[in-house]
Structures are given as structure tokens and as C-alpha cells.
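Participant: The hints should help you fit chains D, P and Y onto chain C, whose structure is shown.
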Amino acid sequence: MLSVLNLACERDNRMLFNQLNFSLAVGEILQIEGQNGSGKTSLLRILCGLATSFEGEIHWQDLNVQDKLSTYLASILYVGHHPGIKSSLTAEENLRWMQQLHPHLNKGSISEALQKVGLYGYEDVPCYALSAGQQRRVGLARLYLSNHPLWILDEPFTALDKRGVMEKEQLIVEHATQGGCVILTTHHDFELPDQRLRKINLDQ
Amino acid sequence: MKITMPRWFYQLASPKWCYDILGMLSPWLGLAALILLSVGVVWGLVFAPPDYQQGNSYRIIYIHVPSAILAQSCFMLMAVAGAIGMIWKMKVAHIVAKSAAPIGASMTIIALSTGAIWGKPTWGAWWVWDARLTSMLILFFLYIGIIALYSAFENKASGDQAAAILSLVGIVNIPIIKYSVEWWNTLHQPASFTLTKKPAMPPEMWLPLLVMVLGYYCFFAFVLIGRTRIELLEREQKSGWVSAIINEAR
Amino acid sequence: MGYFNSFSDFLNMGGHALYVWLSYAITLVLFLYNLLSLWLKKRAFFTQAKRQLKREQRLS
Amino acid sequence: MNFLLATIRRELLLAFRNRSEIINPLAFFVIVIALFPLAVSPEASVLANIAPGILWVAALLATLLSLESLFKQDFEDGSLEQIMVSPQSLLLLSIGKVISHWLISGFLLALLSPLLGIMLFLPPIAIGALVSSLLLGTPTLSLIGAIGAGLTVGLRKGGMLISLLVLPLYMPVLIFGAGTVQAGVMGLPIGGYLAILGAMLVLSLMLAPFAIAAALRLSIRG
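Chains as they are written, first to last, in our numbering: chain C, 138 to 341; chain D, 17 to 266; chain P, 618 to 677; chain Y, 17 to 238.
Chain C with its partners taken away, still in its complex shape (with noise of 0.2 Å):
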């Protein structure tokens, strides 16, 4: 579904990666690994369309994405460092708005979304009245709401407890056996049974 072809990304005349190719087929996961400054978080906006100072190409269902970006854009979902959540709205003020923003965010209801992450009963409570963890699983509710093909996730793992961590991994797990791709970061390993992971090193 997404191929990338000699990507290069070159930042305060530092070449964060060169040459780098790899493709993603329907149900798999890639996860991308490096050190600190290696260049995960670049990779990824770089792959959102965020960032422009790249070379190479990126073709999404063999078009070229920057030809199709917003068809790219409707069929990609992104969760960054900072997920876009306003702390004084509430859990489900800023699900709408994500809504709002994302039409593929139609997979079921808000509710039935919180309630998955943990947060049933805590609707309307502005979300700087929660916890670390909690705003954390606000910006991931989104998840359980997507229907897009392709998930892409910037260290999705960090301020979750064990049990949200492995919940998180069961969803992207079942993303991938529905059909979707997930590309994301993390320093937690990530042991899947099956051939569904992939890995890349932006060490080497």
C-alpha cells in the first residue's frame, strides 16, 4: 500500500537518512528504531506530509503522495507527541473535534470509544483535571474510533501503564489483521507472534 523510494532526509547539515526504501503490504506493522536524534520523528512527519525538506518519493496505493495529497491525507491517521488535545475541553469535546477534522473517525460511538480506553464516567471533566495517563489514553481514544488504512504513531506507548500498553498492542494488532498498516516508533519491545512486524533500523 505505501512504498517509499530513496528517501533522504538531511537536517542543520546533519544526514539524518539516505537512501532508505521499504514497503508496507496490506496487515503489516512496521516499527521503526533508532536512537535518540536518529531520525524516527522526521521519518514520520515526513511520511504525514508534515515536513517537505526530503528527497525521494512516497507513493500511497501507487500514486504518488505529494500529487494526491489530500486523498493521502483523508486515509491516514496520525498521533504525534502531542496529540492536539485541548485541556480545557473535555474528553468527549475533543473527540468531536477530531471528528470534526477527520470524517474517517466514524467507527462506533464516542462513548463506547472512552469506555475502551478507561474513561468511562469521565466525559465531561476538562482534561486538565486528569492524569498524566489519562490525557495520554484521551489522545488514543481516537484509535478505537478510525477506519483509516493507515495508522501512523509517534511512541504511542509512553505515560501508559501495563495494562494500557498491552491493550494498545492488541488494537494495532487487530488494525493490522483488519486490513490496516500501522507504521510506528517505541522503545518498548514489541513481541507479535506472528510475520505481521517488520522492523527498521535508522542506525545502520
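In short, the hints are calculated from the structure, not lab data. Ideal Cβ positions, reconstructed from N, Cα and C, are used throughout, including at glycine. Take the hints with a grain of salt, since some may be wrong.
To be verified - In silico lysine-lysine, DSSO-like type, Cα no more than 30 Å apart, as pairs:
1) P:K671 to D:K107
2) D:K32 to P:K658
3) D:K105 to P:K658
4) D:K32 to Y:K88
5) D:K107 to P:K658
6) Y:K88 to D:K254
7) P:K658 to D:K172
8) P:K659 to D:K172
9) D:K107 to C:K205
10) D:K105 to P:K659
11) D:K32 to P:K671
12) D:K136 to D:K32
13) D:K105 to C:K205
14) P:K671 to D:K105
15) D:K254 to P:K659
16) Y:K88 to D:K107
17) Y:K173 to P:K658
18) Y:K88 to D:K172
19) D:K105 to Y:K88
20) D:K194 to P:K671
21) P:K671 to D:K254
22) D:K32 to P:K667
23) D:K194 to P:K659
24) P:K659 to D:K32
25) D:K172 to C:K205
26) D:K194 to P:K658
27) Y:K173 to D:K105
28) P:K667 to D:K254
What the hints assert, rightly or not - Label-pair distances were calculated between CB atoms; the ranges are:
29) C:Y257 to Y:L107: 35 to 41 Å
30) C:G245 to Y:L107: 27 to 33 Å
31) Y:I66 to C:T295: 53 to 59 Å
32) D:S167 to P:L628: 38 to 44 Å
33) P:L639 to D:L226: 45 to 51 Å
34) Y:R25 to C:N201: 33 to 39 Å
35) P:L649 to D:E250: 39 to 45 Å
36) Y:A215 to C:A211: 23 to 29 Å
Unchecked claim - Quick look at which bits of chain Y chain C covers, simulated, 3 or more residues with Cβ under 8 Å:
37) 28-39
38) 99-111
Facilitator: Coordinates of chains D, P and Y only, in the frame set by chain C:
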């Protein structure tokens, strides 16, 4: 937004080609500037007749008017170069715009200070809120803003684009600013006497002015080319052709 | 000499000497400043570039 | 269109939740106005003379100060990123943000201005001119200022810079805005002035959103 342009236009995008061509032009422009400015100054100061109303103080016109013209042309150039840089992603155009900004700012300083000094014998005050001086002052503020914006960005490419946006916004605003300042001026000082508007200037007065304007343009181009070439070297320091130049220079 | 009878007459500028010469002096200073800053920029670049080149040679 | 309305609704809700965002520009406006009688003279004749200018300058500065934070929060919490990676247009978002910014700054300033006009001994016949000029002029200020806010949002020290970038561009609006009130004081017709302020508004409404969106795009890409 892809528009096909003639080949030379794309060659402009090659830093090395630009560096070489500009290097060939530069000495000629320098020479032309030197000749035109010396001829113009001597002609204007010595051989042009004094003004019947202002006497000899009008000789400031020969440095005031060209600097005011240059200050405006330079802003126009920055906006056009910025637009080219944004549309065709041409680095060289951004570099030209960046190199032009400080020169344009110094031209506004010349226009402002000579205008203010000229005001003293004409209106009896060192500063008068005259329409032309006021719009020149606002133009100076615009230049300061653009230069500050360049220096605020650590990433040069972002700074270039930010300044390009600002200079495009500025160029749309300049006519509005000029018009409103003129209108404001007539409201507060009806029928004021303007410095440079003359019913008919005899040729022995405007010919040296023309020479000076051309001389200013050549000087501007000379300095602009010099700054652009160095900025090109700075940005392309990693590439082979720049290393060759550095090695040659030692 | 042009429209002036003598050199001192020229310097006097019909009583407007201060204004005329002050304007021309400011203009001259700013023109020279432009040239000087150009030269300084050039020199700064080449000293920096040479230093960096030496450093790279030492490393390799 | 739906997205535009949704943006405005969200922005107004956010402003309502952090009420200081609404109150601060208004308080600033009042306090700056209160400085002038103390600094210049409390005499009615003096104050009435400079009132049009003061009221307009104070409204302009209040708008400018509130603009600084227009995109800051959205930039820091990732909301702008989310809009960039969504299929929604940044252009509509910019328009929506500016409209809601105007509703909580310029619009309220205009509503508050008659009170301050009276405190500065502005003749009652000029109050209409004051309110109408602010209603037509402040949206232009918000639009132009949002360009500066977008350009500086990614910078660590954007505060002073935005004033430097935006104030020169504000001058035509200031000239005609204060001119409207001045004409109102003298009992002259103000239709022409309002027409020019309206023309400036239309022009900036057509062009500024593109510049705002381009500025935001460049700030997010870093």
C-alpha cells in the same frame, strides 16, 4: 502551480551557474556605478543651476530622490524574488531577496535623513510629518520587520519563506499606505509645499538627477551581487565547487 | 567653476553649506558602510571556511 | 462551511472556558485609556481633542496584544499538526480563527468603546462614528495581525517581533479609523470613511487568509 519557463530561468536555479555569471557582471557594474555617481555628483553640485526658490539647498535632490526610488524598487525586488522563490522553490531567488533587505534599509535611511535635513532650510524644522517622509518612515519600519524576521529563524529555509510572505503582504500594503498617508497629510496640512514636486524642471537640472538614479541602481546591483554571491557560498559550503573556490582563495 | 564664482563660494553653497554637506556626508557614509559590510561578510566567510577545511583535513 | 462553523464554535467555547482571554484585552483597553488623563491632563477640552486618536491607538494595541496567543496554544499542543494531517483546509481554519478572535476582541472593544468615549469627553454625536469605525476596522486588524501571529508562532521570542511586523501594516487602518471619529466630532459625514474602512476589510478578507495559511504551514514544518 507548475508553469514552464525558458531554459535560462532554470539555469538561474543552479547556484554555481549564478555565482559565475554574477561574478562576471559584478566588476562592470562597480565601474559603471563609480563613473555615473562621480559624474552625477559633480554635475549636480557644481554645474546644475541653483533653484530660484530654494537656492542651493535643492542640490540635496541628487542624493535624496534616487535613494527614495531605490528604497521602493528594492522592496519590489524582494517581493518579486520572494514570490519566485515560493512558487518555483528556487533557493537563489530567496538568497537575492535576503541580500537586498539590508541595502534597501540603508537606502531608506539615506532618504529619511537627507529628507529631514532638506526640510530644515525649506520648512524650518528638522522633521516634518510630510507625506513622502512619513511613508518612507513606514517603509523603513517594514524593512526592519523583514530583517528581524530573517534573523529570528534558525532554519534559513523557513526564514526565507517567512520573509517572502511578509514582503508580499508588504507590497500589497505599500500603495495603500502611500495613499492613506497622502490623504492624512492633506487633512492636517492643507496645501503644503512639497520638496520635490516641481512644475517643470529644466533639463540641466533633471539630467544629472537621471545620471544619479542610474548610478544608484548600478551601485545597488553591485552590492546586491556581492552579498548574493557570499550568501550562495555560505549555503552551498558542502558542495564541491565551493570547496574549490575556498582552496583557490588561500 | 559651474555656477559658483570661487571654491569658497562652492563650499558655502549660498548659505546652505550645513544642509548640503551634511546630507552628502551621511550618504557617503552609508554607501561606504554598504561596501564595508560586503567586504567584512566576504572576509568572515573565507576565514571561517578555511578554518573548517583545516579541521576536516586534520581529522582525515 | 460546516468546518468553518465548527472551528468558530470550538474557539468560542475555548475562550469561554478560559475567560481571562476575553477579559484581558478589554481590561487593557480600559487601563490604557485611563492612563491618558493622568499623563496629559484631565481637562475636558484637551481630552476631547485627542480622544479619537487615543481610543483608536488603544483598541489597536489591545487587538495586537491578544493576537500574540492566537495560534500559540494550538501550535504547542499539536492541534495545528492535526489540522495539517487532516483533509480539512487550513484556509478555512484560519478564517474561523480570525472571526472568533474578532468576536472576542474587536467586537467587544467596539461595544465597550462608547463608555470610554464618554470618559474622554468625546462629543455624543461622535459615538456612532467611534463604534462603527471600530466595528469595520478591527476585523482588518485581526486579519493582518493573524499573518504576523502565524509567522512568529514557531519562534521562541515571538512577542516583540509580531508588533514589529504588524504595526507598520496597521497604519492605514489607524489613519482612517481615527479619521472617521475625527470627522464625527466635527459633524462631517462619515460615509466615505466607513466605505474606505470597508474596502480595506474586503481586500484583507480576500488576501489575508492565504497568507495566514501559508505562514502556519511554514511554521509547522519548522
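Participant: Which hints from the list above does the structure break, by number from lowest to highest?
Facilitator: Those not satisfied are hints 4, 6, 12, 14, 20, 23, 26, 33, 35, 36.
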